[in-house]
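Number of protein chains: 2
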Amino acid sequence: MARIALDAMGGDYAPTAPVGGALLALAELAPEHRIQLIGREADVEAAVEAALTGDYAALAPHRARLEIVDAPDVIAMADKPTAVMRRPLSSMAVGLRRHAEGHADAFLSAGNTGAQMAASVQILGLHEGLRRPAIGTIFPTAQQTVVVLDSGANVDCSPEELVHFARLGLVYAEDIMGRTNPAIGLLSIGEEPEKGNAVVKAAHQLLAQSRLHFVGNVEGRDVAAGTCDRGPFDVVVCDGFTGNVILKFYEGLAPMLIRMIATSVGADPKEMMQGLAHLDYSNYGGAPLLGVRGVSIIAHGSSSPRAIKNAVNVAIRAAESGLSEHIGRRLAAAASAA
Amino acid sequence: MARIALDAMGGDYAPTAPVGGALLALAELAPEHRIQLIGREADVEAAVEAALTGDYAALAPHRARLEIVDAPDVIAMADKPTAVMRRPLSSMAVGLRRHAEGHADAFLSAGNTGAQMAASVQILGLHEGLRRPAIGTIFPTAQQTVVVLDSGANVDCSPEELVHFARLGLVYAEDIMGRTNPAIGLLSIGEEPEKGNAVVKAAHQLLAQSRLHFVGNVEGRDVAAGTCDRGPFDVVVCDGFTGNVILKFYEGLAPMLIRMIATSVGADPKEMMQGLAHLDYSNYGGAPLLGVRGVSIIAHGSSSPRAIKNAVNVAIRAAESGLSEHIGRRLAAAASAA
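Residue numbers (our numbering), protein chains in the order written: chain F, 12 to 349; chain E, 12 to 349.
The following block holds chain F by itself, in its conformation from the complex (with noise of 0.2 Å):
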């Protein structure tokens, strides 16, 4: 059983995307999960009923397991990250502090990112031997997907910690893409352990001294195709900075490629991508907050009722799984034997 605190005012399209995303998640998931939607009352009660009488009118039956808590403050896009520290009333507190309280095993938001990310290490806290959390995302790729961390939540980042992230991301791996022994591969710009910046060539170094199982550094075109020479991979290790660039690149390219394909073919581009749902992102779902001490799970600010249900089926993966307890676990034991 998973208690999901979600963020209900939160995205582009809140409280109705995260409404409806909750009354999808309900009805796919097993009868013991319960999603509490965090926001002004009356507001997010006025959204469950539009849906209700509206599009989602047929799973009217699953609104018992939908709690609305009241949060009378809203952390909006453009605030700065910091806003919500001196705002104790806002969704995003309000449902990381029930997380933290274990009133809530997870806490997801599609809100702003900067703001939950400096929240969720406020009130949650950090593993041992963190300084920031990071973001795994995951890329489809030719082959199986892989997870790119860290992907925006560290722009400067020392070679110790491009190591911590291979660790977050190993984790990621196994507890929530069920992978074995997952293989790393270092985001760099030649497979030779001297090719890269400073901070890479001696971030080679320590990953190909730890216990990790690391195949060294991987170029871009691995990363599209999820494979290199020395075999396929599962996680992918950067910088914020580049992690950051290549999602975006990614996001924007993929539709505008098959814009372009479409057109060129006299196919209808929306259909196409339809037929292409592997390469769709709201398939994806949230990216956790690695490194957290419990369960943030960031969605995208676009996300639709389908992506907010797909999040909601990481949040309850990485609770259920014991995520963040095996992040901790993972790192102490690092941190003693080294």
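It is possible that some hints are incorrect.
[What the hints assert, rightly or not] Selected chain E positions facing chain F (Cβ under 7 Å, derived; list incomplete):
1. MET96
2. ARG98
3. PRO99
4. ALA153
5. THR156
6. VAL166
7. ILE200
8. GLY231
9. ALA236
10. ASN255
11. GLU262
12. GLY263
13. LEU264
14. LEU268
Calculated directly from the structure, the hints in this document are not laboratory data. Each residue gets a CB set at the ideal place from its N, CA and C atoms; glycine is no exception.
Start from chain F and add chain E according to the hints.
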């Protein structure tokens, strides 16, 4: 009239592809242009013979505008970049010396990029104020093409170097892409000036204070679109690590997506590729090594004869437009204004 020194021994398909590309280029170029094939005389002779008795028989009339220049040594793809310094009889060193000494107007190679860069700097020299040259690569976008630089020559860059790249890219956009008052974007992870890593944030300040037509930060998805909220741009500035990662990511992702889409709609991937020629790298030919005193064009190692032909066109445009002289003047003007 331009005389292009073409490394006949460089690239995965040498000497066949350079020889084929030279013939294809001459067939299209105005009759005053000349190509010098630099390489092991016997091997190059044999490749020319094979081409003219085989697939390129129809191009025999252009043989007269092809000169073979003997260079008994070859730099292999796997050689260390510095190897070229100790091998003055390699096709790369011989070709670059011909250009430096005024016997050719440009040099072009699909061989070892690191070696070409090192030898270009040593033999041609750099414009005042530069520490290293930059590679400018054309990216097809949803709008027009953009030039991304540096795409691999400089892995750790200072903010000042990123500003140099902006000036180099600006001249490239004017001279090679034919743009007027080119707009410059700085690759980052958010449009706000305070987004990015330490180097990018500092570079943003410098670019904002410069007289360049700076549109501000652009994100990964803007690069795919060729435009951002503040309008379209022509030049994307980034360090060579990030630039190389996204270049290779693009190179890997585009064919992968096309294959996946072709499979999903039951089309032939090869035919679909042909319909999308504007996404095909080989159409954009070579990437000039920007900042050297002269024209040194880097072609992809896997260049086909058609890709070499397109790279010859870039070399001619660079030589005839006075790209290198314009870069020298612009850097000098910026230095004296500072």
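Verification of the supplied hints:
1. A hinted interface residue such as MET96/E counts as satisfied when its beta carbon comes closer than 7 Å to some beta carbon of chain F; here the least separation is about 18 Å, so the hint is violated.
2. Hint on ARG98/E is violated. Least Cβ distance to chain F is approximately 21 Å, over the 7 Å limit.
3. Interface hint status for PRO99/E: violated, as the beta-carbon distance to the closest one in chain F is roughly 25 Å, over 7 Å.
4. Checking ALA153/E against chain F by beta carbon gives a least distance of about 5 Å; that is within 7 Å, so the hint holds.
5. For THR156/E, the suggested interface contact is broken, since its CB lies about 13 Å from the closest CB of chain F, more than 7 Å.
6. Given hint, VAL166/E at the interface with chain F, holds; its Cβ is 4 Å from that chain's nearest Cβ, closer than 7 Å.
7. With 7 Å as the threshold, the beta carbon of ILE200/E comes within range of chain F, its nearest partner Cβ sitting at about 4 Å, so the hint holds.
8. Because the smallest distance between the Cβ of GLY231/E and any Cβ of chain F comes to about 3 Å, under 7 Å, the interface hint for this residue holds.
9. Because the beta carbon of ALA236/E sits about 6 Å from the nearest beta carbon in chain F, less than 7 Å, this interface hint is met.
10. Interface hint at ASN255/E: satisfied, since its Cβ lies 4 Å from the closest Cβ of chain F, which is below the 7 Å cut-off.
11. Because the beta carbon of GLU262/E sits about 5 Å from the nearest beta carbon in chain F, less than 7 Å, this interface hint is met.
12. Given hint, GLY263/E at the interface with chain F, holds; its Cβ is 3 Å from that chain's nearest Cβ, closer than 7 Å.
13. Taking 7 Å as the C-beta contact cut-off toward chain F, the hint placing LEU264/E at the interface holds, the least distance being around 4 Å.
14. Interface restraint check: LEU268/E against chain F, minimum CB-CB distance 5 Å, threshold 7 Å, status holds.
Figure legend: structure checked against the earlier numbered hints; hints not met, in rising order: 1, 2, 3, 5.
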